[in-house]
Structures are given as C-alpha cells and as structure tokens.
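S.K.: Assemble chain W onto chain H, guided by the hints.
What follows is the residue order along each chain.
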Amino acid sequence: MKSFALVARATPSRLFAWLSPVIAILLTLAAGAWLFALMGKDPVQGLRVFLLEPLSSVRALSELALKATPLILVGTGLAVCFRANIWNIGAEGQLIAGAIAGGGIALLATRESTRAFVPAILLASALGGAAWAAITAWLRDRFNANEILVSLMLVYVAQLLLAWLVQGPLKDPAGYGFPQSRLFEAAARMPLLIEGTRLNIGFVLALAAVGFIWALLARSVIGFQLRVSGLAPLAARYAGYSGRRVLWFSLLLSGAFAGLAGGLEAAGPIGQLSPTISPGYGFAAIIVAFVGRLHPVGIVLAAFVMALFYIGGELAQSRLGLPSALTGVYQGLLLFFLLACDTLVGHRLQWRSAARAD
Amino acid sequence: MEIITSLVATTMSAGTPLLLAAVGIVVSERSGVVNLGTEGIMLVAAVTGFGIVHLSGQYWLGFVAGALAGALLSMLFAALAIGLLTNQYATGLAVALFGAGLSAFIGQPLQGQTLPARGADGIALLRDLPLAGPALFAQHWLVYFALALTGAVAWFLFRTRGGLVLRAVGEAPESAHALGYPVRRIRFAALAFGGACAGLAGAYLSTVHTPLWSEGMVSGRGWIALALVTFATWRPGRVLLGAYLFGGVTMLQFYLQGQGVDIASQWLAMTPYLATIVVLALISRNPRWIRLNMPASLGKPFSPNG
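In order, the protein sequence lines correspond to chains H and W.
Mapped onto the working numbering, the consecutive letters of the first sequence carry residue numbers 1055 to 1412.
Mapped onto the working numbering, the consecutive letters of the second sequence carry residue numbers 283 to 588.
Be a bit skeptical, because a hint or two may be false.
Stated by the list, open to error - Quick list of simulated restraints, FRET-style, between CB atoms:
#1 W:Trp-342 - H:Ala-1262: 56 to 64 Å
#2 H:Asn-1198 - W:Ala-546: 28 to 36 Å
#3 H:Pro-1227 - W:Asp-544: 16 to 24 Å
#4 W:Leu-538 - H:Arg-1402: 58 to 66 Å
#5 H:Pro-1333 - W:Gly-433: 42 to 50 Å
#6 H:Pro-1223 - W:Leu-538: 15 to 23 Å
Keep in mind that the hints were calculated from the coordinates and are not lab data.
Think of the CB as a built atom: it goes at the ideal place given N, C-alpha and C, for glycine as much as any other residue.
Pulled out of the complex, with its shape left as it was, chain H reads as follows (with noise of 0.2 Å):
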C-alpha cells in the first residue's frame, strides 16, 4: 500500500510562502459556497453577495476600506510581534484601551473646539493601547509571565473596563438609559476623506503604518534585531541583542498600533463610546498577519480580504437572511487553510510505500 509522507525541504520553498495565502482563500471560498449550498442558498449567488457586491460602487469600497483600516492598523503591529516570536493576541484588549483613552479625549471636546482634537484624540490612544500592551510586557519581562494568556486575559478586563465606563461615568445622561457615551462633538470627529462617505484619515494614517514598518523592518537596526530575535534566538543573544528591548518595543508598538484602531473606530464612524466598539477586529488581525505573510505588503491585501468578509457576512443577513456570525466561520476556515497549505513551504509531499505505522 501506498501512502504520502512529508518530507523536510533543505530550504523553505518560496514559491509556495506566496502561494499558500491564495490557495487557503480559493479553498476557503469553496467550502464557503459548499456552506451556502448545505443552508439551502444558491451557491453562486451566495458568493456574489459575499464577494461581489462590496466591490460595486464607490461607496461600497469606501466601506471596504473603512473595514480594513483597523486591520491593516492591528495586523501590521501583531506582524512586528509575530516577526519576534512574541505572541500578542490581546490587541482587542490593547484596541479597547485605545478607544477608551482616545474616547475619553474626544468627550473633552465641546461646540467652540477646534480641530486641534483630532491630533490629541489619535496620539491618547495610541498611548493607551501601549500602556495596555506594557503590562504585559512588564508582566513578562519582570516575571515571566506567558504574554498569550496574559495579553488575552486582559482583553475581558478591557472589555469589562469598558461596559463600567459607559454604564457609569460617562454614560450618556440623555441615553434614554443605553449603555453609551454621549456623541462626540464635530471637532473631535476624523475629518472624512470622501465627502458623502465614512471613510477617514484613518485609512491614510494606516497606509503610513504600514510603510514605516516595512521601512522599519527592512533598513533599521532594531528591525533587523526583530527578524533574527524570532528566526534564531540563540544567534541573536550569541550577538548581544537584547532580548528585553525587542520584547517592550514590538508589544508596545503593536499596542500602539492597535490603540491607534480603536480610538479611529470610536472617533470614527462610531462617534461614541459604547459597549461594542469592535466586531474582533483584534482577533481577525492576528489572520491577517499570518496570511498577509507578516509583511506589510501581504497585511494591506490580507487586511481587504478580511474586510470582505466582514461586509459579507453583513449582506449575507440583509440579502439571504443567513446569520452574520458566517464572518466568523470563514475566518476561521481561513486560518485552518492557511497553517495546512503552509506545510508546503517547509516540506514536500513524497509517496512511498507504507512501513511502519507510525
């Protein structure tokens, strides 16, 4: 009897690191049109709703882009992490602190502010998503603290946090009793880049991210200290690097980044704080990440796919009445097919002849 093995390559193969993220999306839209036929729907419509329509109109991709902004935003910070070997997957909680500490900002602002707000707004929440990713670093670098459990432990806190705040102090006192800040006034709102639309700077400022990382990465010594702290530990102490330095520096900076997420969305197209100010936009970004190949390039692609699926799910329950939680179902498909694609790059499939079991 024949069977396949995996066979280690000497090198990783580069071809298949660009193509694994294709593959695992064609793979995961056949089994998504697999999952409208088993609910009933045409397949082929089913896709078109999902894929198509958020394509169609200038509005359309102005919402797409507005959808991938914090993506591109948490995804290109988690990529920094990732690169180290740090395994940050709290940036909900960072983007949550960000939203609160930019939010909290924003509610200062009043009907004679100026536009002054916004500068104020952006720089608060990327310090609260820092300082919310610094107790984990500290936690880790002081105590050793594992940062996955840590750094996801703190998301419920920051969630928590959150749900106190606009139930207690800054809930709305003409909320009609709703969980919810008051709006923010217009000079503490993102300044819009299509008239007509929902897209802001935001999308701007996240494009920038991702070409001051990708500088970062590519010429700076720290970014250099990054890649081989998280390809070779042993050769990056055997050279002197710090370990401590590349730990605070990628958390704080992917808690910057992802804080910088949050206050975007509450100041943003929310205008408000309120209990939900992220769909898991934290979560999906760390997909973005892997499939985006952790560079900055591959994170903005990844970062609109995601945002497809975000929109998509949102029609799928206008258009076919499916339930939008499917958003959640395709990433997570996603992810399954990209980590077995991705066994490709290092190995190669060889059949041989059965010999042990094993």
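M.R.: Only chain W this time, still in chain H's reference frame:
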C-alpha cells in the same frame, strides 16, 4: 451557615467546567502537545450540548454530543498539528477563533431558548443530611463524575504502564519512537481525550451551570483552564484545587453583590481574569521550577521522518 453551604455548593458547580477542561488539558499536554483551542472547543460543545438537550429533552444525550463535538474539533487540531506538523500555537488559535465563529453561527436560533426541567440533582439520602447535604451532595452527577475522572487520570498517569508511555512520549518523543511506541497515535488519542473533556465542560456549562446559550458564554474559562494546568504543574490533584479555587473566585462576586457591597458588577466580574494574571506572574517567577515540571517536548512538533 446557609451562606457557607450555598457558597460551597456553587463553588463546586462553577469549578466543574474548569476542572473537566483542565484535566483534559493535563492529558494532552503530558503527551507533549499544547492545544490553545480549548476556549473554542468549549464553545462549540456548549452550543451542541444545549441544542441537543433542547431538541431531545435528554440531558445525557447533550453531554455525549458535547463530548463528541469536542473530540472531533480536537481531532481537527491533531490532524493539522500532528499530521501536517503545523505550528501548535497558531493551530490552537485557529481552533479558538473557528470555534467562536462556528458556535455563534450554530447558536443564533438558540438564543433565548430554554431547557426542559431536570429531576432533583445529587445523591439520594446523602443530600438530605443537614449542612453537608446541600453543600456537597446535592450537585449534578457530572460534578462527581469530574472528581472521579480527576482521580482516574491521576491513577492512569502515575500508576499504569499506559500513563508511563504517555509521559515518555511527552518528555522524549524521539526515544519513545525508537522504542517502538507510535508517538503520533498516542498524541492523537491524548488530544481526542482532551477535546472530549473540554466538550463535556462546555456542555455542563450551557445545560447545567447556566442553562442557556448566549454567544461567547464560555467567557475565557477555556483560557483560564489552560493557565490552571501551568499553575498546577501538570498534576491532576493540584488542578482540582486550582479549579475549585477559581470556581470560588467566580462565585464570590455574586455573594458580594448579594450582600450589597457597593462595587460595580463589572469590577467584580474582572476578578477571575485578574486573579489568573496575578497567579501566573507569581508562579512564573521561577522559570527553572516551571521547566522542571513541564513536559520537555511541549509544543515541539515531532515527525518520525526527521
């Protein structure tokens, strides 16, 4: 007195999902594999168990379905992490995210549904004892099952040949392989067991502990169970202690609120998460101690083909 008996009783109930999940994680991690997907597995099993009980009216069927769903999702993890040698952390995360999405998707029509009434829980005669009866013996049978399972796992790991082999696979897979043990099959089996335990934990949560389904209702218990296993240095007895301790922390907030303590509910709800962080920091301070107790090959993929 009444407060203490009911605090003990609710602590056992709240600790049981943590205990079930953590005991499963002990077995799978002892075989050298770390599956971060517990949260997602518990969610899928919770919605499956709830749905089956809702449809069939049979609680035991819901538990079986939950355990099966958990084992199945864990096998998917195993197929990738063991079969295709994918990164265990990333694959576990994929399970966690996929489980969250899938459970929300399946569960949308189940929101707000109720379950049929159950007969009286607990052990006949013993539950009528004063004080000890309502505190200890009036629980759902899964609470006692979880205790028995913890004992059985401890016995298996440290008193049987099979347990020795499992631990050998986790400590030194190459040597176990050289001795002729099917390393990957053993890990598959350990993961299936771990998934079934997490599944049972999820089904208990959604049908007995809080009999309703709401999106994301596991609210971090899967991750706390993972942390518990580290606190307990991969020992079932200590896992039991930790699970009940955390169960107590979860329930304490309701008592404080009931006593009219003037703290916002959200701050009280943070305590299990903050407690996890604090204990994690304290316990991790000595990396050598952790490394001494941790299965040596934990998280490292093993391929017989090199």
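S.K.: Against each hint, give a clear statement of whether it holds in the structure.
M.R.: Results for each hint:
A hinted range of 56 to 64 Å holds for the C-beta pair W:Trp-342 and H:Ala-1262, which are about 58 Å apart. At about 33 Å, the CB distance of H:Asn-1198 to W:Ala-546 agrees with the hint of 28 to 36 Å. For the pair H:Pro-1227 and W:Asp-544, the beta carbons lie near 21 Å from each other, so the given range of 16 to 24 Å is met. Taking 58 to 66 Å as the suggested C-beta distance range, the pair W:Leu-538 and H:Arg-1402 conforms, at roughly 59 Å.
A C-beta distance of roughly 43 Å is found between H:Pro-1333 and W:Gly-433, which places it inside the suggested range of 42 to 50 Å. With their beta carbons about 21 Å apart, H:Pro-1223 and W:Leu-538 fall inside the hinted range of 15 to 23 Å.
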